[in-house]
Structures are given as structure tokens and as C-alpha cells.
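Undergrad: Protein chains in written order, with my numbering: chain H, 1 to 221; chain G, 1 to 221.
Hints listed in this document are in silico derivations from the structure and should not be mistaken for laboratory results.
Ideal Cβ positions, reconstructed from N, Cα and C, are used throughout, including at glycine.
Do not rely on the hints blindly, as some may be mistaken.
The calculated label-pair distances, taken between Cβ atoms and stated as ranges, are [as the list claims (entries may be wrong)]:
| hint | chain 1 | residue 1 | chain 2 | residue 2 | range |
| --- | --- | --- | --- | --- | --- |
| 1 | H | Glu-64 | G | Thr-151 | 16 to 26 Å |
| 2 | G | Glu-70 | H | Pro-81 | 33 to 43 Å |
| 3 | H | Pro-182 | G | Asn-156 | 39 to 49 Å |
| 4 | G | Gly-111 | H | Ser-60 | 36 to 46 Å |
| 5 | H | Asn-184 | G | Asn-156 | 19 to 29 Å |
| 6 | G | Ile-94 | H | Asn-184 | 36 to 46 Å |
| 7 | H | Tyr-181 | G | Gln-79 | 49 to 59 Å |
| 8 | G | Lys-23 | H | Asp-73 | 34 to 44 Å |
| 9 | G | Gly-48 | H | Pro-15 | 34 to 44 Å |
| 10 | G | Ser-60 | H | Glu-70 | 46 to 56 Å |
Partner residues aside, some chain G positions facing chain H, computed with beta carbon under 8 Å [claimed, not checked]:
| hint | residue |
| --- | --- |
| 11 | Tyr-58 |
| 12 | Ser-60 |
| 13 | Leu-63 |
| 14 | Asn-140 |
| 15 | Ile-217 |
2 protein chains.
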Amino acid sequence: MKRKCLIIAGGELNPEFASCYIKEKYGSMGPELIITADRGLEGAKILGLQPNIMLGDYDSVALELLEEYEKNDQVVSVQYPTEKDYTDTHLAVITAIEQGAAEICILGATGSRLDHVMANMGLLLLGLKAGIETELVDSNNRIRMVQKHMTIEQKNQFGSYVSLLPFTEQVKGITLKGFKYPLNDADFSMGMSWGISNEITESMAEIKIRDGILYVIESKD
Amino acid sequence: MKRKCLIIAGGELNPEFASCYIKEKYGSMGPELIITADRGLEGAKILGLQPNIMLGDYDSVALELLEEYEKNDQVVSVQYPTEKDYTDTHLAVITAIEQGAAEICILGATGSRLDHVMANMGLLLLGLKAGIETELVDSNNRIRMVQKHMTIEQKNQFGSYVSLLPFTEQVKGITLKGFKYPLNDADFSMGMSWGISNEITESMAEIKIRDGILYVIESKD
């Protein structure tokens with residue numbers, strides 16, 4: 001069964017942006033599976049979305065809201081101990097995969113704590129390894145990982161810029177077509193800033209990689 | 001010659017925080033070398049700091065301010081073409097190293113564009129490779145890289161939390177002492193969220209690594 005899954009994490013959430021993005025992405029049907037991670041439940045409430053699964057150690061969600069949803073028959077609550085090896089958002093991604101998600105969109109995964117942002121970005125690897133299209137989105141950025149091949153239609157791109165940053169230490173044989181700065185069989189290594197602020201100049205842009213993994217960060221100005 | 005270098009990049013800058021941090025870090029003498037990257041010049045102006053070197057493609061700094069500083073005898077201006085292989089902040093770090101910096105602090109390197117944030121964080125590798133203590137700081141985070149060994153005095157820690165995230169794909173033989181969650185010869189791999197939100201519980205915390213590189217992200221709540 002193909003399931004489009006939305007995860008709402010407990011970071012910052014711009015409700016206006018999130019509402020528009022969800023409408024555009026999922027249409028009137030909405031996502032088939034909604035998982036909230038801890039304080040992400042507040043995000044679901046604000047967005048008027050009914051979560052299917054709420055989980056976390058519940059150390060950041062408001063108690064009143066938690067109690068309200070604990071009484072809600074349509075949501076399954078999975079509480080984890082506070083001292084655990086995974087972050088709440090990590091558990092949400094694992095759960096989405098276990099539930100047979102065919103694609104995953106994570107909202108509420110950015111904010112001022114850069115350790116959380118970095119860790120959340122790293123979770124894209126779980127989707128990549130499971131062969132599930134996974135994206136992490138906020139009002140300024142859409143972040144994905146690519147291992148072999150990705151195309152981006154210009155009309156569907158997010159914002160104006162596409163930056164490519166190494167996730168693995170070495171990324172070899174990068175070929176870019178349809179970009180302002182094309183590449184042919186180039187190598188990137190971590191700590192390099194070569195791939196920043198590229199732009200799509202054709203109706204379809206293409207990223208090919210021989211070896212390694214890149215972050216693809218599309219962003220607004 | 002030992003030179004304490006401050007780089008002000010063109011991202012977001014909280015002037016109140018930055019002013020306090022600089023005062024605490026450098027005392028009344030201030031940093032010995034100040035480099036601004038493009039719009040970082042505006043940060044220097046706001047903070048009342050005289051830059052020694054201003055550089056960049058000058059595509060984001062206000063023209064009026066640029067002209068004001070172009071007339072300033074105390075600052076060397078180095079303009080780069082817009083289409084270049086390095087970001088302005090990258091060029092600032094290279095320049096700091098060339099100028100004999102003994103330590104580097106980067107402010108204004110975070111903000112809403114996560115491609116820039118990620119790329120800037122990756123620049124810490126340049127400092128690490130050159131054997132120069134390098135940190136990237138904003139009002140919520142202090143980010144460093146560690147390859148072999150680092151100690152953090154509790155009284156000098158930044159905020160409440162210390163998160164350790166793999167920079168290299170594998171980080172092996174991690175031993176943590178003086179932390180709430182100690183470790184003994186543990187391995188981390190990228191995409192794992194184990195190292196998030198640790199806390200220092202003794203007067204001195206110690207991080208030892210056998211192989212690989214970790215980000216050390218200290219953050220406020």
C-alpha cells in the first residue's frame with residue numbers, strides 16, 4: 001500500500017506556509033498518514049490536522065493538549081522514556097517506514113537549535129536507505145538527499161536556488177544538467193562550498209552521482 | 001605571531017548577543033584581526049568594530065556603506081568576482097588562516113538559508129586542518145569540530161546542552177567523561193541522533209575520539 005506520510009516535528013513551524021504547502025502537496029485528500037513528534041502535536045492542532053499517530057517522550061508538548069488527544073479515538077499514542085537513544089523525530093521517521101510510508105515529508109524540523117536541525121537533516125538518510133522519497137521542509141528550505149539520480153522540474157522547484165552539499169565525505173562523478181553552473185563528472189568533498197546557490201535554467205534539471213550522497217537544498221532568497 | 005581573529009559573515013546577527021560575546025571573549029583589547037565577508041560589513045558597523053580586511057563579491061552589502069569603508073584607510077578591501085568557486089565566508093576563513101590567525105571566531109554565519117548554514121559549518125574543517133581553534137557562534141549555538149580530544153570547562157560552556165554529531169561518516173572510539181550520558185569507546189555513524197542534548201555534570205567534560213571528526217554543538221534551551 002502506498003502511503004503519503006506527513007511528520008510534524010516539535011521545532012519551529014510557520015502555520016501559513018505549512019498550510020499552503022500541505023494543500024499544494026496533498027490536494028484536498030490530505031496526507032494518508034500523519035505522525036506528530038512530541039510538541040509537533042501543537043503544530044497539527046494549529047493546522048487543523050488529525051494525527052494518526054502521536055509519539056515522543058512528551059517532555060515538550062503542553063499537558064492540556066496531550067490530555068485532549070489522549071481521549072481522541074482516532075489517534076494512537078506511543079510514549080517513549082525521556083532517556084532514550086533516539087530523538088522524537090527519529091522515532092517518527094522509523095515509525096513512518098514501519099507503517100509502509102511511500103513518501104515522507106517532515107515539517108517542524110528546523111529552528112534555532114542547530115544540533116536538532118543537523119540531526120533532523122541526517123534523518124533523510126533513513127528514507128534514502130529505505131528507498132522512500134523523503135523531504136524536510138520549512139518556509140525557506142526544502143531539503144532532500146540524492147545518492148544516484150534526481151530530477152527537478154523547474155515549475156516544481158522550491159524557491160530560487162539549489163545548493164548541493166556533500167553528506168558523505170567524498171561525492172564523486174557529479175554531473176549537473178539544466179543548471180546555471182553545470183558540472184561534468186566533478187568531485188565534491190566535505191567542507192567545500194562549491195555547490196552553493198546554483199540555479200535551474202531549463203525546464204528540467206538533472207543531478208547524477210557516481211558515488212556518495214549529496215544534500216539537495218532548495219531555498220528562497 | 002598569535003592573532004585572535006573575528007570573522008563577521010553576512011548572515012543573521014543578533015547585535016546584543018554579539019556585542020556581549022565579543023566583550024567576554026576578547027576583553028577590552030578586542031580581537032587582533034577583524035575580517036568581514038560581504039554584508040558582514042554592516043554587522044561590523046552596527047557593533048562599532050573597525051574591520052582590518054573586508055572582502056567578498058559585494059553583492060549583498062549596501063552600496064553606501066561599501067563606499068564609506070572604501071574611503072577608510074584602516075581597512076583593506078578585497079573584491080572577488082560574483083561567479084567564484086568559494087562563498088564569501090569561505091574566502092574569509094582562507095584569508096584568516098593566511099594572515100596567521102591563531103584562533104578564529106565566526107559570527108553572522110547562520111540564518112534562514114540552511115544551505116549557507118551547512119556550508120559555513122563545514123568551514124570549521126579548514127580551521128581543524130590548519131590546527132587553529134575555530135568556532136561558529138550565534139545567539140543560540142556555539143559550534144566546533146573535534147578530531148582527537150577536546151575539554152570543555154563547565155563554567156565556560158555555552159548554554160545548557162552539548163550535542164555531538166558525526167561530521168565524517170563514521171566516528172569511532174568515542175569516550176565521554178563528565179557528561180550526564182558518558183560513553184566508553186562508542187561508535188557513531190552519520191544519520192544517528194544518539195549524541196543530541198547531552199549535559200555537562202562535572203567541572204570539566206572531556207571528549208576523546210579514536211578515529212573520525214565530530215561536530216560539538218553547545219546550545220541554549
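Undergrad: Would you mind marking each hint as holding or not holding in the structure?
TA: Hints versus structure:
Checked against the hint of 16 to 26 Å, the pair H:Glu-64 and G:Thr-151 fails, with Cβ atoms roughly 43 Å apart. At about 60 Å, the beta-carbon gap between G:Glu-70 and H:Pro-81 misses the expected band of 33 to 43 Å. Roughly 47 Å separates the CB atoms of H:Pro-182 and G:Asn-156, a value that falls within the hinted 39 to 49 Å. A beta carbon spacing of about 24 Å between G:Gly-111 and H:Ser-60 contradicts the range 36 to 46 Å that was offered as a hint.
Roughly 48 Å separates the CB atoms of H:Asn-184 and G:Asn-156, a value that falls outside the hinted 19 to 29 Å. For the hinted restraint 36 to 46 Å between G:Ile-94 and H:Asn-184, the CB-CB distance of approximately 26 Å leaves it violated. Separated by about 20 Å at the C-beta atoms, H:Tyr-181 and G:Gln-79 break the suggested range of 49 to 59 Å. In this structure, G:Lys-23 and H:Asp-73 break the distance hint of 34 to 44 Å, their C-beta atoms being roughly 57 Å apart.
Take G:Gly-48 and H:Pro-15: their Cβ atoms lie about 38 Å apart, and the range 34 to 44 Å holds. Remark: the range hint 46 to 56 Å for G:Ser-60 to H:Glu-70 is upheld by a beta-carbon distance near 49 Å. Contact between G:Tyr-58 and chain H, as hinted, is not supported at the beta carbon level, the nearest pair being about 15 Å apart and thus beyond 8 Å. The beta carbon of G:Ser-60 comes no nearer than 11 Å to any beta carbon in chain H, farther than 8 Å, and the hint placing it at the interface is violated.
Annotation: interface hint on G:Leu-63 violated; nearest CB of chain H at approximately 18 Å, more than 8 Å. Hint status for G:Asn-140 relative to chain H: holds, with the closest Cβ pair at about 4 Å, below 8 Å. With 8 Å as the threshold, the beta carbon of G:Ile-217 comes within range of chain H, its nearest partner Cβ sitting at about 4 Å, so the hint holds.
In terms of the numbered hints stated before, the structure departs from hints 1, 2, 4, 5, 6, 7, 8, 11, 12 and 13, listed from lowest to highest.
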